[in-house]
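Taken in sequence, the protein lines are chains A and B. Numbering-wise, the numbering used here puts 110 at position 110 of the first sequence, and it's gapless, one number per residue. With positions in the second sequence counted from 1, the corresponding number in the numbering used here is that position plus 1000.
Don't take each hint at face value.
The calculated lysine to any residue pairs, modelled on SDA-like cross-linking and capped at a C-alpha distance of 25 Å, are [as the list claims (entries may be wrong)]:
no., chain 1, residue 1, chain 2, residue 2
1, B, 1016, B, 1245
2, A, 35, B, 1099
3, A, 167, B, 1333
4, B, 1329, A, 125
5, B, 1268, B, 1246
6, A, 184, B, 1246
7, B, 1374, B, 1268
No lab work stands behind these hints, which were simulated from the structure alone.
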Amino acid sequence: MQPFTNITSHMIPIPYPNVDTDQIIPAVYLKVTGKDGLAEGLFFGWRYKADGTPDPEFPLNRPEFQDAQILLSGDNFGCGSSREHAPWALEGWGIRAVISTSFADIFHNNSLKNGLLPVLVPPDVHRDLLILTEDDPQSRVTIELEAQRLILPGGREVTFPIDAFNKYCMLSGTDALGYLLSHKNQIEAFETTHSKHENLL
Amino acid sequence: MTPGVANERSQTLFDKIWEQHLVVQEPDSPAVLFIDLHLLHEVTSPQAFAGLREKGLRVRRPGRTMATMDHSSPTKNLDFPVEDEQAHHQLRQLQINCMEFGIRLLDLHDPDRGIVHVVGPEMGLTQPGMTIVCGDSHTSTHGAFGALAFGIGTSEVEQVLATQCLLQTRPRTFRVVFEGHLPKGVTSKDMILALIAHIGTGGATGHVFEYAGSAVQALGMEARMTLCNMSIEAGARAGLIAPDVTTFEYLAGRPFAPQENAWDEALKEWQNLPSDEGAVYDRSLTLDVSNLDPMITYGTNPGMGIPINETVPDPALVQDAGHRDSLEKALKYMQIQPGRPLLDLPVNVIFIGSCTNSRISDLRQAAEVLRGRKVALGVKLLVVPGSEEVRRQAEAEGLHNVFIDAGGEWRYSGCSMCIAMNGDQLQPGELAISTSNRNFEGRQGPGGRTILASPLTAAASAINGRITDPRTMI
């Protein structure tokens, strides 16, 4: 996975609460066996009108947001299905971080395993960020993962939480599978002492 | 120890399962948890197998792994090649992966095939005290047996395939006590919809539910599965119910349940699983179901639900701007008027199925309402059993004829119109009453509108062609 250090970017506002993974990537795009090309389906139902033409009002279709790397979302972002296709689609589109007041658990886990940083901010900061981007869509913020710091235009700094393990994996681009594999002996010992050697099937 | 007083050795059901599966817990790292049973399906596994191949890894415990075909699988014409080329390729890929890595696969023609969360319990693979994962958020269903079961992403599927372990941060616990007796015509689907409406669709994020109380104890296993199934719709990754006599009776004699001496030993362990007296939870909530009405959703997430005879909330009366906007957006999508009742609203499609409500008891309930009656003119009824075993049982009881005689369609098992990946889907603008679990925009097909309800409410509404209180028909 791609390491995450610092990014500076303007933000794409999709501030509704409870944006579910069916909106992020509809199920019809889940029939793939790889991870590529999913950006095509990102927010498909909101990006396109019923007649198939792009909705010019939707942020992903607006020219000023084409190169943005940060999504500014609402409460409980990524709720619903466990599809990892959601972070794959966001990353495929070029999103590197999502800022919100809360994230659904599975989406949060899936994002961290793909170098997509969930940035948790308090409601007042979230509101200020929304005002900023409404006022000037080019308003840029900086996310510094090492310092766990979000820097707003004008220099205001806000810290955000991330656990030490995921921070290490994100900064170094490490796949957590390596950590599990390094415990092979303990797993073997556990299977022996807990009678888990037998098969169920 | 004094009953009812917190004791540091008092443990919840969750605590016990967690500790029994803890392989390693290093400081500043997530726990390494051993996984007893790993279930797979065609949609969230191919990239995980590709990862194994890239890294030259094998599946550590094929004997604790099982795969089924459910999400993109067709529910009719099973003897013909799968029409959808992409779905065909994905199903074939699962076949190749299972062959190469030595995993038992319930393929399209396997008599045991079905929705992953229906077949696991049915085969007796799902057992109390287990840790169970699957690349599917409704894995919470298996919690009905007192197993810690939750949905995972594809990277985690790869991790479990390679190591039979998962990295997890310990969640908090949330005890929900349902007291009282469920009135006639009200089901566990209504209980869970009421809970989600009460705490909101993100109300239990970071938590694992434990459902308890007299109303939960009174439920059969299939109704308990319905309850646990939708835990994720309140944001909880898992929902557990303490195993009891009902659980043991369901399991006894199932093909993969322990037999003879092993059964006696297992039973002893299972009986120790229920939470200890005085065990402490991070959060608790008590709901009385004695006056519960059938529940129904009006919006675009499962938390937007009301009792069937109430009126739809009015955004104008909502204080918080964010919630007001989201309610307005939902009602606009649903083309539903605020401040008005949902009863008698005309519907186009009735879907009875999904891992929430496709088991034999669900079909019996629907058939009880539909027997000797006809679906309203112009209304489409689709009944999709949760597994081939459920299908055979329903056919043995003649339930399929009840559905067909009423004017409905009777299909082979699968996820079908719950996720609309296999061609079973709503047309744009159509309004469905669905016994499934998600009413998200476009969930049952682009532009489709979904109202979630119990099989009783769905069946009653099919007959009238309008949203109907099932208590008027039973």
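Hints and how they fare:
Restraint check for residue 1016 of chain B and residue 1245 of chain B: satisfied, since their Cα atoms lie roughly 19 Å apart, inside the 25 Å limit. With a C-alpha separation of about 22 Å, the suggested pair residue 35 of chain A and residue 1099 of chain B falls inside the 25 Å cut-off, and the hint holds. With a CA separation close to 39 Å, the supplied pair residue 167 of chain A and residue 1333 of chain B exceeds the 25 Å bound. Annotation: proposed proximity of residue 1329 of chain B to residue 125 of chain A holds, straight-line Cα distance about 24 Å (limit 25 Å).
Pair hint residue 1268 of chain B plus residue 1246 of chain B holds up; C-alpha atoms about 15 Å apart against a cutoff of 25 Å. Note on residue 184 of chain A and residue 1246 of chain B: the hinted pairing is violated, with a Cα-Cα distance of about 38 Å set against a maximum of 25 Å. The hinted pair formed by residue 1374 of chain B and residue 1268 of chain B fails the criterion: a straight-line CA distance of about 50 Å is larger than 25 Å.
Hints 3, 6, 7 from the earlier list are contradicted by this structure; the remaining hints agree with it.
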